[in-house]
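Novice: Residue-level listing of the chains:
Protein chains: 2
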Amino acid sequence: MLTSQLKPQQEKSNFIIKTPKGTRDLSPQQMVVREKILDMVVGCFKRHGAKRLDTPAFELKEMLTEKYGEDSGLIYDLKDQGGELLSLRYDLTVPFARYLAMNKVKKMKRYHVGKVWRRESPTIVQGRYREFCQCDFDIAGQFDPMIPDAECLKIMCEILSGLQLGDFIIKVNDRRILDGMFAVCGVPESKFHAICSSIDKLDKISWKDVRHEMVAKKGLAPEVADRIGDYVQCHGGVSLIEQMFQDPRLSQNKQALDGLGDLKLLFEYLTLFGIAEKISFDLSLARGLDYYTGVIYEAVLLQTPTQAQESFNVGSVAAGGRYDKLVGMFDPKGHKVPCVGLSIGVERIFSIVEQRMKTFGQKIRTTETQVFVATPQKNFLHERLKLIAELWDAGIKAELLYKNNPKLLTQLHYCEDMGIPLVVIIGEQEMKEGIIKLRSVASREEVAIKRENLVAEIQKRLSES
Amino acid sequence: MLTSQLKPQQEKSNFIIKTPKGTRDLSPQQMVVREKILDMVVGCFKRHGAKRLDTPAFELKEMLTEKYGEDSGLIYDLKDQGGELLSLRYDLTVPFARYLAMNKVKKMKRYHVGKVWRRESPTIVQGRYREFCQCDFDIAGQFDPMIPDAECLKIMCEILSGLQLGDFIIKVNDRRILDGMFAVCGVPESKFHAICSSIDKLDKISWKDVRHEMVAKKGLAPEVADRIGDYVQCHGGVSLIEQMFQDPRLSQNKQALDGLGDLKLLFEYLTLFGIAEKISFDLSLARGLDYYTGVIYEAVLLQTPTQAQESFNVGSVAAGGRYDKLVGMFDPKGHKVPCVGLSIGVERIFSIVEQRMKTFGQKIRTTETQVFVATPQKNFLHERLKLIAELWDAGIKAELLYKNNPKLLTQLHYCEDMGIPLVVIIGEQEMKEGIIKLRSVASREEVAIKRENLVAEIQKRLSES
Numbered sequence: 001m002l003t004s005q006l007k008p009q010q011e012k013s014n015f016i017i018k019t020p021k022g023t024r025d026l027s028p029q030q031m032v033v034r035e036k037i038l039d040m041v042v043g044c045f046k047r048h049g050a051k052r053l054d055t056p057a058f059e060l061k062e063m064l065t066e067k068y069g070e071d072s073g074l075i076y077d078l079k080d081q082g083g084e085l086l087s088l089r090y091d092l093t094v095p096f097a098r099y100l101a102m103n104k105v106k107k108m109k110r111y112h113v114g115k116v117w118r119r120e121s122p123t124i125v126q127g128r129y130r131e132f133c134q135c136d137f138d139i140a141g142q143f144d145p146m147i148p149d150a151e152c153l154k155i156m157c158e159i160l161s162g163l164q165l166g167d168f169i170i171k172v173n174d175r176r177i178l179d180g181m182f183a184v185c186g187v188p189e190s191k192f193h194a195i196c197s198s199i200d201k202l203d204k205i206s207w208k209d210v211r212h213e214m215v216a217k218k219g220l221a222p223e224v225a226d227r228i229g230d231y232v233q234c235h236g237g238v239s240l241i242e243q244m245f246q247d248p249r250l251s252q253n254k255q256a257l258d259g260l261g262d263l264k265l266l267f268e269y270l271t272l273f274g275i276a277e278k279i280s281f282d283l284s285l286a287r288g289l290d291y292y293t294g295v296i297y298e299a300v301l302l303q304t305p306t307q308a309q310e311s312f313n314v315g316s317v318a319a320g321g322r323y324d325k326l327v328g329m330f331d332p333k334g335h336k337v338p339c340v341g342l343s344i345g346v347e348r349i350f351s352i353v354e355q356r357m358k359t360f361g362q363k364i365r366t367t368e369t370q371v372f373v374a375t376p377q378k379n380f381l382h383e384r385l386k387l388i389a390e391l392w393d394a395g396i397k398a399e400l401l402y403k404n405n406p407k408l409l410t411q412l413h414y415c416e417d418m419g420i421p422l423v424v425i426i427g428e429q430e431m432k433e434g435i436i437k438l439r440s441v442a443s444r445e446e447v448a449i450k451r452e453n454l455v456a457e458i459q460k461r462l463s464e465s
Numbered sequence: 001m002l003t004s005q006l007k008p009q010q011e012k013s014n015f016i017i018k019t020p021k022g023t024r025d026l027s028p029q030q031m032v033v034r035e036k037i038l039d040m041v042v043g044c045f046k047r048h049g050a051k052r053l054d055t056p057a058f059e060l061k062e063m064l065t066e067k068y069g070e071d072s073g074l075i076y077d078l079k080d081q082g083g084e085l086l087s088l089r090y091d092l093t094v095p096f097a098r099y100l101a102m103n104k105v106k107k108m109k110r111y112h113v114g115k116v117w118r119r120e121s122p123t124i125v126q127g128r129y130r131e132f133c134q135c136d137f138d139i140a141g142q143f144d145p146m147i148p149d150a151e152c153l154k155i156m157c158e159i160l161s162g163l164q165l166g167d168f169i170i171k172v173n174d175r176r177i178l179d180g181m182f183a184v185c186g187v188p189e190s191k192f193h194a195i196c197s198s199i200d201k202l203d204k205i206s207w208k209d210v211r212h213e214m215v216a217k218k219g220l221a222p223e224v225a226d227r228i229g230d231y232v233q234c235h236g237g238v239s240l241i242e243q244m245f246q247d248p249r250l251s252q253n254k255q256a257l258d259g260l261g262d263l264k265l266l267f268e269y270l271t272l273f274g275i276a277e278k279i280s281f282d283l284s285l286a287r288g289l290d291y292y293t294g295v296i297y298e299a300v301l302l303q304t305p306t307q308a309q310e311s312f313n314v315g316s317v318a319a320g321g322r323y324d325k326l327v328g329m330f331d332p333k334g335h336k337v338p339c340v341g342l343s344i345g346v347e348r349i350f351s352i353v354e355q356r357m358k359t360f361g362q363k364i365r366t367t368e369t370q371v372f373v374a375t376p377q378k379n380f381l382h383e384r385l386k387l388i389a390e391l392w393d394a395g396i397k398a399e400l401l402y403k404n405n406p407k408l409l410t411q412l413h414y415c416e417d418m419g420i421p422l423v424v425i426i427g428e429q430e431m432k433e434g435i436i437k438l439r440s441v442a443s444r445e446e447v448a449i450k451r452e453n454l455v456a457e458i459q460k461r462l463s464e465s
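Which chain is which? The protein sequence lines are A and B, in order.
Start counting the first sequence at 1; every next residue gets the next number (the UniProt record's numbering).
Start counting the second sequence at 1; every next residue gets the next number (the UniProt record's numbering).
Hints may contain errors.
One copy or two, either will do: identical chains are not told apart, so a pair holds if it fits within one copy or between any two.
Said to hold, decoys possible - Here are the simulated BS3-like pairs of lysine-lysine, each with C-alpha atoms no more than 25 angstroms apart in a straight line:
1) 386 with 450
2) 218 with 397
3) 61 with 21
4) 79 with 115
5) 363 with 46
6) 191 with 204
Rather than coming from a laboratory, the hints here were simulated on the basis of the structure.
The structure presented is a predicted model; accordingly, all values stated were derived computationally and were not measured.
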């Protein structure tokens with residue numbers, strides 16, 4: 001036989017059946033939560049006029065090189081099986097930039113929902129996986145300053161408010177302010193990247209530890225580190241921008257002034273959008289990725305809904321920034337397309353919502369079945385099959401048990417378990433009289449209706465509920 | 001500067017900017033078509049009571065070993081970067097079976113929409129890619145025979161009819177009938193797999209070529225090949241099943257009789273579902289994958305809508321079958337969970353629908369924007385930003401141009417290009433009078449309405465259209 005060659009796996013090796021490290025299956029319950037959140041996120045992207053794009057899961061390896069700085073080691077490469085060298089995408093931003101350059105698109109507002117892969121040490125308890133979903137919104141094109149940037153922050157606010165995750169704040173900074181700050185503090189230009197990566201850790205480890213890393217590991221002079229320390233402890237609103245404009249050192253740096261000027265304009269627009277109080281200018285915000293060139297931002301939840309009960313720290317739930325030079329890296333002539341965008345950390349949001357549902361013991365329906373076709377009778381499979389086909393053909397979501405002679409009680413229990421609201425019951429007597437019973441699972445009420453009116457009656461009931 | 005290290009790619013190597021071989025980006029136009037088709041397919045799966053599941057893009061390499069027969073060479077492996085050996089999933093069926101075994105699930109009706117990867121020689125003109133989307137529906141569990149199998153065929157009919165792809169037929173066969181046929185024709189058991197793979201090519205190459213492959217390449221005796229040839233040219237309905245029951249050779253084989261018995265029952269249920277005339281018992285249907293154990297099926301379009309104009313052959317658009325032993329291969333104790341399922345070849349369906357839209361010159365809107373915020377005035381950005389935020393907060397899909405002083409004509413042209421139905425126009429005069437103009441792009445009619453009634457008026461108009 002063909003199938004005789006299929007042997008149970010365990011005869012071949014002592015293997016454990018599992019998903020790869022840092023990955024997981026998503027159960028139907030999880031998929032329901034996930035879809036609700038994604039619908040909400042995508043709904044917001046569409047509200048802002050974005051088109052949807054999709055790119056392959058892997059790219060030519062060289063497309064991803066020198067885009068991610070220290071994190072490049074986390075890229076998954078594919079095995080060389082002949083042909084091109086490939087890597088799994090690390091984010092959705094670099095593929096978007098590649099798409100723009102490849103198709104010579106100069107202007108585009110797009111969103112992309114898809115998985116990305118990073119070989120990080122998985123600390124699953126914090127909702128970090130090696131495979132995770134990202135929801136990105138980006139605006140590419142040469143426009144008047146800070147208008148698209150402000151819209152990105154507005155979108156982040158709409159999504160985080162809409163998902164009711166509790167209070168949040170969006171930290172904002174600018175790469176040029178960071179560059180200027182490093183310059184005026186006396187960081188050698190060759191160390192900008194490395195020091196920027198250290199600063200980026202300030203939301204996870206203390207200033208003392210960051211300072212130690214900069215001095216002991218990255219060879220920064222202690223007094224330079226201390227000068228940085230004075231700046232990165234600053235955060236506030238428009239008044240802090242004004243203060244930095246007056247800062248004796250920073251105000252001497254052209255880059256920093258450009259960044260501060262843009263931030264000032266940004267806050268003007270944020271005020272018009274009614275979200276200025278959600279935004280904090282924070283000189284400690286660095287963002288790890290190499291490709292940012294201007295404004296950067298990161299949204300953090302101030303208190304997760306379940307924090308009182310459990311220490312469940314999720315940190316950043318959305319982030320983004322301006323990357324004006326990335327598309328140019330792909331263009332044969334180096335033509336630039338300025339871009340700004342954001343990425344929603346849906347994986348962390350899923351964890352929070354899941355946790356909250358567990359805490360409140362909410363039950364989730366994993367199917368949408370509206371009607372169950374049942375019988376109390378033996379040998380009634382043919383009638384059940386004919387009837388359910390009629391319901392399906394009318395667009396009604398219907399199920400039956402795959403048994404020739406199921407017990408009525410088993411059938412009714414199934415409906416209660418699955419939350420199916422209506423049951424159609426057919427039997428010999430009803431068949432003779434040309435009627436059929438329609439039962440409400442919740443109230444256990446049964447009514448007899450004419451066989452030919454069944455579909456119309458069901459549709460009426462479903463539209464009322 | 002941080003960003004000074006970002007150099008255009010072309011300075012580093014003479015590279016061509018492209019997606020990996022056999023893959024492609026999906027443009028916003030393509031995504032709109034794709035989403036419509038996927039919504040329809042998923043809608044059907046939900047109508048049949050399926051839950052949604054998701055699994056990682058890659059699996060432990062050993063999970064995929066010995067599941068795909070001759071096709072195993074097409075699996076994408078990941079590079080060994082330390083840790084587990086991984087492969088990209090080749091289909092959604094094996095991950096489903098792994099999920100069932102791993103979680104000891106004995107019963108489940110699930111659907112899964114996701115990408116799979118196969119290193120095939122891409123002949124893109126036929127809609128075959130190395131990365132493609134699959135939509136799978138499967139029923140796992142021990143049930144009375146052929147009821148879930150019949151439902152799978154019903155689902156295929158509903159989807160193919162619903163998508164209006166033109167006339168189609170679903171070929172049905174059974175692995176046990178194939179096994180029996182090989183046995184009674186005199187194929188040595190060791191060659192069952194190889195001969196089955198040859199037979200599977202009958203939809204692409206002629207019997208003559210298949211016969212040549214079996215005899216010359218696979219060492220089958222010519223008279224054995226000819227005996228097979230007599231069978232594989234048979235196709236028909238219930239009467240062919242009866243005929244095969246009487247076949248002097250086949251009727252001597254227990255396996256074949258089991259298969260024929262199940263097919264007979266299947267046709268009984270298909271008749272009750274009203275789809276028997278769409279189904280053809282076809283002894284040439286083999287299906288390439290190793291894991292099938294019982295009934296197998298494959299839907300083919302009889303004539304694609306555009307075939308008249310262009311030779312655009314898409315072949316199989318949906319397929320599936322019964323695989324009762326696959327879950328057992330993963331279970332440490334070899335416990336079996338019988339399964340039956342189907343996979344919709346959405347990639348080919350996309351090609352057909354895209355082709356059809358091109359033929360008919362249909363224009364596709366790639367955004368859903370309902371209202372555009374415009375002004376004829378200079379220095380009106382602040383008012384536009386305040387107004388659009390109000391619309392967004394009311395859930396209205398709205399856009400504006402990211403310019404301080406756009407020309408009115410440019411703004412109105414944008415609306416026409418993008419198919420945006422409504423324009424809100426604000427200017428100084430209107431501001432003073434506390435009114436605002438609402439313009440219909442199609443009719444070019446403008447009405448003045450009170451500023452405070454704007455959102456309500458827009459919502460009213462949108463609900464009417």
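Novice: Cα distance capped at 25 angstroms. Does residue 61 pair with residue 21 within a copy, between copies, both, or neither?
Specialist: both (22 angstroms within a copy, 13 angstroms between copies)
Novice: As a check of your reading, is residue 218 near residue 397 (CA-CA no more than 25 angstroms) within one copy, between copies, both or neither?
Specialist: Neither way: residue 218 and residue 397 sit 62 angstroms apart in one copy and 49 angstroms across, limit 25 angstroms.
Novice: My question is about residue 363 and residue 46: at a cut-off of 25 angstroms on alpha-carbon distance, are they close within one copy, between copies, both, or neither?
Specialist: between (30 angstroms within a copy, 19 angstroms between copies)
Novice: State whether the alpha carbon distance between residue 79 and residue 115 is at most 25 angstroms within one copy, between copies, both, or neither.
Specialist: both (20 angstroms within a copy, 19 angstroms between copies)
Novice: Regarding residue 191 and residue 204, is the shortest C-alpha distance of 25 angstroms or less found within a copy, between copies, in both, or in neither?
Specialist: within (21 angstroms within a copy, 61 angstroms between copies)
Novice: At most 25 angstroms between C-alpha atoms: does residue 386 with residue 450 qualify within a copy, between copies, both, or neither?
Specialist: Answer is within; shortest intra-copy Cα gap is 16 angstroms, inter-copy 58 angstroms.
Figure legend: structure checked against the earlier numbered hints; the only hint not met is number 2.
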